[in-house]
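K.L.:
Taken in order, these protein sequences are the chains called A and B. Heads up: the first sequence begins at -16 in our numbering, then just goes up one per residue. Heads up: the second sequence begins at 14 in our numbering, then just goes up one per residue.
Hints are computed from structural coordinates only; laboratory data are not their basis. Don't be surprised by glycine CBs; every beta carbon is placed ideally from N, CA and C. Heads up, a few of these hints could be off.
[What the hints assert, rightly or not] Interface residues of chain A toward chain B, partial, derived using beta-carbon atoms under 7 Å:
{"id": "1", "residue": "GLN25"}
{"id": "2", "residue": "LEU27"}
{"id": "3", "residue": "LEU31"}
{"id": "4", "residue": "PHE86"}
{"id": "5", "residue": "ALA88"}
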Amino acid sequence: AQSVTQLDSQVPVFEEAPVELRCNYSSSVSVYLFWYVQYPNQGLQLLLKYLSGSTLVKGINGFEAEFNKSQTSFHLRKPSVHISDTAEYFCAVSAPGGFKTIFGAGTRLFVKA
Amino acid sequence: EAGVTQFPSHSVIEKGQTVTLRCDPISGHDNLYWYRRVMGKEIKFLLHFVKESKQDESGMPNNRFLAERTGGTYSTLKVQPAELEDSGVYFCASSQEVGQMSPLHFGNGTRLTVT
Chain A
-16 AQSVTQLDSQ VPVFEEAPVE LRCNYSSSVS VYLFWYVQYP NQGLQLLLKY LSGSTLVKGI
44 NGFEAEFNKS QTSFHLRKPS VHISDTAEYF CAVSAPGGFK TIFGAGTRLF VKA
Chain B
14 EAGVTQFPSH SVIEKGQTVT LRCDPISGHD NLYWYRRVMG KEIKFLLHFV KESKQDESGM
74 PNNRFLAERT GGTYSTLKVQ PAELEDSGVY FCASSQEVGQ MSPLHFGNGT RLTVT
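Could you build all of it, start to finish, from the sequences and the hints given here?
P.N.:
Pasting the structure below:
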């Protein structure tokens, strides 16, 4: 079975500052990893995914994440955030052959002017 | 293409009443999932349909919850009778390919409040 821990429930940051949203996972098998974003009053949408290959994956809106197998982490980063990045971000994990995606509790990113 | 749509967007009912949530997946998506988020906690898996068949319903909380997907198109999730702890946001998602490499396309969710 897989599980996901998002270490920060809320992250306030000033506009144009860098940000890192942390995610750790637990799994006894190889995994697929995802970050989803939820803007207010909308559904979740895919930000980026790691399936295999390069451990650094780039997503939409300038976000990127790095898969670290030894630390079982998949932290999300952006070098310079915008007000419009204010949203809730969810880390998720699934496994080959499995049929469900497991989500973390989410991290609320607040970008302040 | 039209996205995943859910109806209603909000529902407020009293304890003991019945509520039915509906989800229309993206056309052609055989995989349909129901998730629930309670009180800002993690988004929890409820069940997964492949076409009209239930592939995995291990996340269904109890027998007050009944999901159907007749004809393999839209799905309904009925809660009967509703309890206070059923309050939360119910998300529906769909994906095209079988297996978990394929990302999920989510609807905007139904916010259910049981009073």
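K.L.:
All the hints need checking, so say for each whether the structure fits it.
P.N.:
Hints versus structure:
no.	hint	in the structure
1	GLN25	holds (6 Å)
2	LEU27	holds (4 Å)
3	LEU31	violated (10 Å)
4	PHE86	holds (4 Å)
5	ALA88	holds (4 Å)
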